[in-house]
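Novice: As a plain string of letters, each chain reads:
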Amino acid sequence: MIKVGSHRKIWGVAALAVALMFGILSSASADSGKTQASRVPKPHLVGEKGNKCVRPVSYMRRHHMELLMHHRDEVLHKGIRTKQYNITNCIECHASPKNNSVLGSNQNFCQGCHKYVGVKLDCFECHNPKNVKVKDIAFHPLIVPGKKPDAKPSLADTMRKKMTDARAHQEKSGVVK
Amino acid sequence: MSDTDKSRRKFIGTSAAAVAGLSIAPGVSLLQTAQARPADQAASSKNRWGLLIDSNKCSSGCDKCVTACFTANWVKEAHGPTDSQWIRKVDLKSLSNGKSHSLPVMCQHCENPPCVDVCPTGASFKRADGIVLVDRHICIGCRYCMMACPYKARSFVHHPLTDQNPEVPRGQGTVEACTLCDYRIDRGELPACVDACNQEGNGAMLFGDLNDPSSEIAKRVATENTTQIRADLQLNPGVRYEGV
Amino acid sequence: MKSLVYREIPGRSAGFYALLGGLGLFILAGLTAAYMMDKYGHIITGMNDQVVWGLPHVFAVFLIVAASGALNVASVGTVFSKTIYQPLGRLSALLAMALLAGGLTVLMLDLGRPDRVIIAMTHYNFRSVFAWNVFLYSGFFAFTAIYLWTMMERRMGAYKKSAGVVAFVWRLILTTGTGSIFGFLVARELYDSALLAPMFIAFSFSYGLAIFVLVLMAAYGWTGRPLGDLILQRLRKLLGVLVAASLYFVIVYHLTNTYFAAHRGVEAFILLHGGIYTALFWVGQVFVGSLLPLAIIFHPRLSKSRSMIAFASILVIAGGLAQMYVTIIGGQAYHLVLFPGYQEASSFFDGVNHHYTPSVAEFFLGLGGVAITCAITVVGMKVLRFLPESLDDQAVDPHAAAKS
Ligand code: SF4
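Those protein sequence lines, which keep their order, are chains Y, P and R. For the record, in the first sequence the residue sitting at position 4 is 4 according to the working numbering, with numbers rising by one throughout. For the record, in the second sequence the residue sitting at position 45 is 1045 according to the working numbering, with numbers rising by one throughout. For the record, in the third sequence the residue sitting at position 79 is 2079 according to the working numbering, with numbers rising by one throughout.
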């Protein structure tokens, strides 16, 4: 199976753009008195804890998506659940202290940069952009960490009601066998 | 210590007991868990995870397994025909003798899954240890797998989602189903539904390795009168039933 | 035949631009619907976890099936050397490609993740009938385009026959593939039949031809070009035969299905008490789509009238849409039986037949596909030489014209 198809090209271009952007960014910050002639304002990213990324920063700028894509296949298809290149591990360091997320504004780590380079982010339709501690999750399923138990009717009640309703509805409309 | 913390402790205790294989009810052995695999080791085809569901021990009023699944996987919907249900309780009434049964139905984790056969992109796939999953990175949301599944086990995410369990990513426009709690199994824990059923003291759901002849599930499947749903299709599901 | 001159349609009249503008509006509406579905999710459609394929699929499959049928007119001319059909070959190929493009657009825009459609090409599961279809569709475009080229380019004329044969064989495979999308779904009782693929081929012949006849009449009527009775009557008779053949397949299909005890439930559902599906089957598919057009086509007086021929074609198309609705949605509305011999009930609608009410968004998405088909055809006819200047009896077949 071809694991990474033609969208890799897009990613490549994106990576290049990111690299370029960071290049400009660093030269700009070196001499912050001068204003750089750019129509798009450079993002001011927050959310970089310490100086200990899983690979050198220059490498990450170009290749983070490859690492992520490789790791996602390892996790999902093989069940290899090492922590290092897991997206949750990235989020843990890069979530903004303000909203605990890598998304939210153009200062947030992922969103800010992707917005700047104009590359569509396709992770967080499914992945939670917030920094939720994995150890919180590892408890019994009946407890969702940080969630107050609902006073509303239990799921069981709702579902049972739905079932009877559906049945009644169908019987009324005469489609039941 | 907050309430949550206390109950957490309590649950760690019970889970640990379950994992250690203690019996919580006479005759109900809970020695049925996977060994935690080292994180860097791949799932192996030596195992084939499966479930044995005993409808005699399962009552119509109980849906602890369903609630547990939804809670563990942070599936917060379940209000209408467009909402995901990875597991559901099916109530049966025999047309011949009027006897009723109740049992949970979820993805049956077939050995020959039709969803995997029909998926155009290969997003539906079977892990080496027999767990059938959807790779939502390459799922295009065509729903052909849902057409193909004889068990109605799959759901389509009909609207944007937020606040997913970090270990259970799920999102709009893709198809999802019971994962047998692959992330828990990989850690050596029981699937949430089985865990909850045990906590409840019902012990109607037995999890284990069908490939290991010494496992409880394999022994019972070999000796007792178990059935498969739609056995006529010869899909050899990993979920077996007893008592229907 | 030498006198046959193909020419672009002028396409300068107000009517022409009004037509294009109207089509553009429908395309825009279809795209808007697709955008909304992407933004808000399929929650804005009538589709749900029980009826997972809805109105867009009815339109899409209809257009795709009709696409291969529309190519038939060309095939009859080239492959079976029926010279009278040869002047129609170019239009036939154009229409086939336009229909396929329209249908595929709808299918693609209905995906949960239309942005990922490229993945359907990069990740390929060779066991999937759906994936074979991706391959069959691209092949259909390629072979039809080549075929068209051999018809339009004099120097390529020598290859016309072989290109025609390849395209013809390919279209048969394509419709078999489309039929098999459903035929392979053994879990669903309505689709668990080997007859599905041949039946789809019969459908494709009649739907494709009905659309072809309509487009032909409209194109000649609106541009004021002469269209003789000779060719039209031939097409009429052909349509009659094909509609009858489709009906025959429908009868055999339901009879054999009723014969299998396991399928009796779904048969009773479709034929007797399926509510809207039963109505659509008998009134839509059988009466409006088959019996009525047959009566018109073989009526001694009515069949002489052009408007009646056009009307019959419209009926066949309407019946075809009804058929797709019954096949695609009716087949899903009937519940799956998990435990034979038991009455089932659950929160996930086990044991009850499922509801589906199409939404406006789906409807416009489907119509958008139709509009794309029409727009491609209209623009195609304007920019390239698809239509003979005249199709009067003299031009079509001088000998026959002289005789009558
Ligand atoms: S919806 Fe996703 S998983 Fe299902 S068949 Fe389509 S691409 Fe495969």
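Think of the hints as simulated: they come from the structure by calculation, not from any bench. Possibly wrong hints are sitting among the right ones.
Stated by the list, open to error - Taking CB as the label site, the calculated pair distances span:
1. Asp122/Y <-> Asp1163/P: 17 to 27 Å
2. Gly2139/R <-> Arg1187/P: 40 to 50 Å
3. Pro1160/P <-> Asn106/Y: 15 to 25 Å
4. Arg2127/R <-> Asn1225/P: 50 to 60 Å
5. Pro1160/P <-> Asn100/Y: 16 to 26 Å
6. Gly118/Y <-> Ala2142/R: 51 to 61 Å
7. Leu2028/R <-> Thr82/Y: 24 to 34 Å
8. Pro1038/P <-> Phe2126/R: 48 to 58 Å
Claimed, not checked - Covered, in the sense of this in silico footprint (three residues per stretch, anywhere, with C-beta under 8 Å from a C-beta of chain Y), are these stretches of chain P:
9. 1036–1047
10. 1092–1100
11. 1105–1115
12. 1129–1142
13. 1204–1212
Think of the CB as a built atom: it goes at the ideal place given N, C-alpha and C, for glycine as much as any other residue.
Novice: Could you run down the list of hints and mark each one as holding or not?
Specialist: Hints, verified against the model:
1. Asp122/Y <-> Asp1163/P: 17 to 27 Å: holds (18 Å)
2. Gly2139/R <-> Arg1187/P: 40 to 50 Å: At roughly 47 Å between Cβ atoms, Arg1187/P and Gly2139/R fall inside 40 to 50 Å, so the hint holds.
3. Pro1160/P <-> Asn106/Y: 15 to 25 Å: Distance hint for Pro1160/P, Asn106/Y holds at roughly 20 Å.
4. Arg2127/R <-> Asn1225/P: 50 to 60 Å: For Asn1225/P against Arg2127/R, whose Cβ atoms are near 34 Å apart, the range 50 to 60 Å is violated.
5. Pro1160/P <-> Asn100/Y: 16 to 26 Å: holds (20 Å)
6. Gly118/Y <-> Ala2142/R: 51 to 61 Å: violated (34 Å)
7. Leu2028/R <-> Thr82/Y: 24 to 34 Å: Because 49 Å falls outside the window, the suggested range is violated.
8. Pro1038/P <-> Phe2126/R: 48 to 58 Å: Given about 34 Å between the Cβ atoms, the range is violated.
9. 1036–1047: holds (count 6)
10. 1092–1100: violated (count 0)
11. 1105–1115: violated (count 0)
12. 1129–1142: holds (count 5)
13. 1204–1212: violated (count 0)
In this structure, the hints that do not hold are numbers 4, 6, 7, 8, 10, 11 and 13, in rising order.
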